[in-house]
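The residues making up each chain are set out below.
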Amino acid sequence: MRDNYPDEIHPREVANKSSKESLQKAIRMALRIESDALRLNTQTFNANRYTAVGKLEDYEELKDRAREIKESSIRNLPDLIERLTRAVESRGGRVFLAKTKKEATDYIQSVCQSSGARLVVKAKSITSEEIGINHVLQDVGIEVAETDLAEFILQVSNEQPSHIVAPAIHRSRERISKLFKEHFKTEKSLDTGEELTEFARDILREKFLAADVGITGANLVSADEGTILLVESEGNIRLTTQLPAVHIAIAGIEKIIPSRKNFGTFIELLAASGTGQPLSSYTNILEPPLDLPVLNLNGREDTKREFHLVLLDNGRMKMREDPDLKEALYCVRCSACMNVCATFQAVGGHAFGGECYTGGIGGAWTVGTTGKLEDGRFAELCTGCTRCVPNCPVRIDIPRLNTVIKERLMKSEGGASLEKRFFGNFSAMAKFASLAPTLSNWINNLSASRTILENVASVDKRRKLPSFSKKTLVREYEEYRKKNAPPFGSQAMPRRLVLFADVFTNYQNAKVGMATVRVFEKLDLPITLSKVMDDGRSAQSQGLLDSARKSAVRLAVYLKKLIDDGVDIIVAEPSVLSMFRLDYGRLLDAEGVFSALKSHTFDPVEWLNGFADRNSDFANRLESRMKPAARPPEIFYHAHCQMKTIGAGTAAPEFFRRLGLKVETSNVECCGMAGSFGYKKEYYDISKNIGRDLGRQIEKSIQSNASVIVLASGTSCREQIHGELSRNVQHPIELIDELL
Amino acid sequence: MPGTDLIERFLAAAASTTASVETVQRDDEALNDALLRSAGDGPIIFASAGDVDPNLFSRFRENEKVISHPTIDEMKTIRVGVTDAFCGIASTGSVCVSIGRELNGPVSSLTRKHIAVLDGNTIVPRPRDVFSEEYLGGKGLRRSFSFITGPSATADMGPLVRGVHGPGKLHIIVLV
Ligand code: SF4
Ligand code: SF4
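Chain order of the listed sequences is X and U. Residue 1 is where the first sequence starts when you use the working numbering, and the numbers rise one by one after that. Residue 1001 is where the second sequence starts when you use the working numbering, and the numbers rise one by one after that.
It is possible that part of the hints are untrue.
Facing chain U, from chain X, some residues (calculated, C-beta under 8 Å) [what the hints assert, rightly or not]:
| id | residue |
| --- | --- |
| 1 | Q109 |
| 2 | Q113 |
| 3 | S114 |
| 4 | A168 |
| 5 | D191 |
| 6 | E194 |
| 7 | T197 |
| 8 | L204 |
| 9 | E234 |
| 10 | L239 |
| 11 | F263 |
| 12 | E268 |
| 13 | V294 |
| 14 | L295 |
If you anchor each label on the Cβ, the simulated ranges turn out as follows [stated by the list, open to error]:
| id | chain 1 | residue 1 | chain 2 | residue 2 | range |
| --- | --- | --- | --- | --- | --- |
| 15 | X | D613 | U | E1008 | 46 to 56 Å |
| 16 | X | E61 | U | A1012 | 43 to 53 Å |
| 17 | X | D106 | U | G1137 | 19 to 29 Å |
| 18 | U | H1069 | X | G299 | 14 to 24 Å |
| 19 | U | H1069 | X | G92 | 38 to 48 Å |
| 20 | X | S490 | U | S1016 | 33 to 43 Å |
| 21 | U | S1016 | X | K561 | 54 to 64 Å |
| 22 | X | L725 | U | A1012 | 36 to 46 Å |
| 23 | X | S490 | U | A1012 | 50 to 60 Å |
| 24 | X | E71 | U | D1041 | 32 to 42 Å |
| 25 | X | E413 | U | A1012 | 55 to 65 Å |
| 26 | X | E57 | U | G1137 | 40 to 50 Å |
Source of the hints: derived by calculation from the structure; they are not laboratory data. Built from N, CA and C at the ideal position, the CB exists for glycine as well.
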């Protein structure tokens, strides 16, 4: 059915992303048809989650405990499976361990057939999508009624889920109305949420009252008592498990946790992280077969309740042996990583997802359960912005999983393409170009060279390329030092300061680097410049992990020595700072080196703000150091995605408020440029779609005050905003330099 | 008194889930009045797992329109269902309703309106406390049940709609 997919592409046709073409087609379809509903719905979930987790006093500890429980469960999985089997069987239920999809569907089919089932009611279960049970049952003449309203919509439109918690999140009310009107050809009015709900409810109530078998998934299963946790808000799971005499639950083996008591750790965390509620309407704790008498509302004369727990392996045991993919098994399917993700907000799981698993975590799950690397190609849509990392209730490093998939996919497809090498080796390229920056900038923007770049390295022609500074930071700094002796320094300064000459700042943003030096020294804080070294960021973002690791190790040795000598490292480029404070934890083997880097590297404004926090003298003098200005500027500030993740995103607004200035901040998670992502031809449209979201916010701010100053710490954020609004965008330190 | 504080927090949280909630004296006449008032016209199906003192329901059970042993047809057409709850959660306003030998489970899920009766002494601070030996004599560790938090709801059809497969109205009576 094409219903409201007017063009040639229906989501089902491009559900499998093993080819680059299907990924491209899916992106085009999603941006054209699904994007508006997706953005609205995911951003609502996202905002609600921030509120809900804010109310959980021990949110961080709960996440730690949840992670520990999941780690130990996966470690002891074989033992847990045995205990669970004994527990369920001792109550009269049956457990079937299915190694493959086929084994699982064969078993379920035989249970349904031997109970003479003609109608099965089904609750939402991504695992049941994974095994494709509906088609198997329908092929042998058994009707399957999806009872979750979102799944009901998808059953009508024959689409795969676009989100693991709200599978029809890509459909607006209008598009659902249109679909139902065409499909059901009814006289009834179907123009409001209430009417649509009532209509579907009435159809499904009949199914519930007639059903022979109920099929559900499971959020978690406890090995000690064989208890299953099923969270829902509509009440269909309650009916599915209580009305028919036969209940089949399908659960991946990774859902098993040791004890029923452990549910206490998860229930609030799941509800808050998922739909952003204190608890969903129904949190069901079931020990089937239930004691509840058989109701026989369907007119049958069943005398006994039956329960079958189908535990699905289908690649999970192999994932458990995989040092990288193993982490995905900790996932509790809350969907926080989707709602927070700027890419997902723009295109949803029909593009950023496969046949059943979606979003940032979907790549690892797709690869793990289909066994085919290329099925996880949509992992390319992860920009590595890291916004999901602090929001995952089991602390999974999701961008890392995607980097691993990109790396493996690249190796399996014959090594790094020119495109990957181009983007992955910024350092060498920049060094070369900076030998003659004016010439490079000129060549860069010639239409002929842009065509070559687009064809060879997939750099989208419509993007203005970042230009190279006329002089590198190193040269500018040398000239500055010749004229300016360092200040004496303040007694209160805890450690000496060195500005790290990262490749972006050195070759492209020398003025940001120099503004940093000047600001510190105007405030009597002497600062020197480090050597220029590559940090591995560009290589990592292309999945070139070996090369990223080499750069990381070399640089870490150098920086660690400085830190040991009593130096704090100032880093002007947020994506580089985030390497030191986040990614190096994985790239470096030496834990001690990472923790030194993590605690002694700072964004320039973050360092100043922290210093002012601890040093009231310095703080008090700040305002008086400002040049007298006719009118104090008002500021719009967009915090870089990774800066937010490492906890440095609020420093600049706080510092400006110390200076007595008014600051408005953006609430978009990421600008959508994300380093090289937005330059790539394949992803240009997604990137622009996300950028427009930020652009709209800034425009609103400009409408109320035309002279508002727009600030962003990240180089790529500034380029994105500039591309959207053709407006000058500064690094916060540049404005401070002007103010002092 | 910590007890009163828990009840206050429970009432506020339950109201924010859009359930309606009232406190009623621990007395069979008072409870009967409250139940009849909130149930409105028509038959009422009643199921109790013995989690709230059964004597408190003695007056209510005498009403002709109260059905304690429903037929299949009565279950299929249920509009108002009354059940007891074995505990309430102060932070979320949830009630925990057993799913066992009595019909609490289906009565609270098939009906259009669910009235849950809760003893104010069985309110615990947080959801996780139900899974601890310290609270409720470990009751939460030994049974099938549902945390019910507000009416059944969906956002799948666009805007938030209350009343889907489960009750669109939840009324909670807290006995004090
Ligand atoms: S790192 Fe960013 S882009 Fe990647 S999955 Fe997480 S939120 Fe999405
Ligand atoms: S990876 Fe984490 S955030 Fe994403 S669905 Fe799984 S548990 Fe939730």
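Consistency of the hints with the structure:
1. At about 26 Å, the closest approach between the beta carbon of X/Q109 and any beta carbon in chain U exceeds 8 Å, and the interface hint on this residue is violated.
2. At its closest, the beta carbon of X/Q113 sits 26 Å from a beta carbon of chain U; the interface hint therefore is violated under the 8 Å criterion.
3. For the restraint placing X/S114 at the interface with chain U, the shortest Cβ-Cβ distance is roughly 25 Å, beyond the 8 Å limit, so the hint is violated.
4. Among the interface hints, the one on X/A168 holds; its C-beta lies about 6 Å from the nearest C-beta in chain U, closer than the 8 Å criterion.
5. Interface restraint check: X/D191 against chain U, minimum CB-CB distance 10 Å, threshold 8 Å, status violated.
6. A cut of 8 Å between beta carbons decides the hint on X/E194: the least distance to chain U is about 6 Å, and the hint holds.
7. A cut of 8 Å between beta carbons decides the hint on X/T197: the least distance to chain U is about 4 Å, and the hint holds.
8. A hinted interface residue such as X/L204 counts as satisfied when its beta carbon comes closer than 8 Å to some beta carbon of chain U; here the least separation is about 7 Å, so the hint holds.
9. Annotation: interface hint on X/E234 holds; nearest CB of chain U at approximately 4 Å, less than 8 Å.
10. Hint status for X/L239 relative to chain U: holds, with the closest Cβ pair at about 6 Å, below 8 Å.
11. Checking X/F263 against chain U: minimum C-beta separation of about 6 Å stays under 8 Å; hint holds.
12. About 5 Å separates the beta-carbon of X/E268 from the nearest beta-carbon of chain U, less than 8 Å, and the hint is met.
13. The beta carbon of X/V294 is not positioned within 8 Å of any beta carbon in chain U (closest approach about 11 Å), and the interface hint is therefore violated.
14. Given the 8 Å rule on beta carbons, the hint for X/L295 holds: about 6 Å separates it from the nearest Cβ of chain U.
15. The hinted window of 46 to 56 Å between X/D613 and U/E1008 is violated, with their beta carbons roughly 38 Å apart.
16. At roughly 25 Å, the beta carbons of X/E61 and U/A1012 sit outside the given window of 43 to 53 Å.
17. The hint said 19 to 29 Å for the Cβ distance between X/D106 and U/G1137, and at roughly 44 Å that hint is violated.
18. Taken as a hint, the range 14 to 24 Å holds for the pair U/H1069 and X/G299, whose Cβ atoms sit roughly 19 Å apart.
19. Evaluation of the 38 to 48 Å hint for U/H1069 and X/G92 yields a failure: the beta carbon distance comes to about 26 Å.
20. The hinted window of 33 to 43 Å between X/S490 and U/S1016 is violated, with their beta carbons roughly 51 Å apart.
21. About 56 Å separates the C-beta atoms of U/S1016 and X/K561, a value consistent with the hinted range of 54 to 64 Å.
22. For the pair X/L725 and U/A1012, the beta carbons lie near 45 Å from each other, so the given range of 36 to 46 Å is met.
23. Between X/S490 and U/A1012 the Cβ separation comes to about 51 Å, which falls inside the hinted range of 50 to 60 Å.
24. For the pair X/E71 and U/D1041, the beta carbons lie near 56 Å from each other, so the given range of 32 to 42 Å is not met.
25. A hinted range of 55 to 65 Å holds for the C-beta pair X/E413 and U/A1012, which are about 58 Å apart.
26. Take X/E57 and U/G1137: their Cβ atoms lie about 26 Å apart, and the range 40 to 50 Å is violated.
Comparing the model with each numbered hint stated earlier shows that hints 1, 2, 3, 5, 13, 15, 16, 17, 19, 20, 24 and 26 do not hold.
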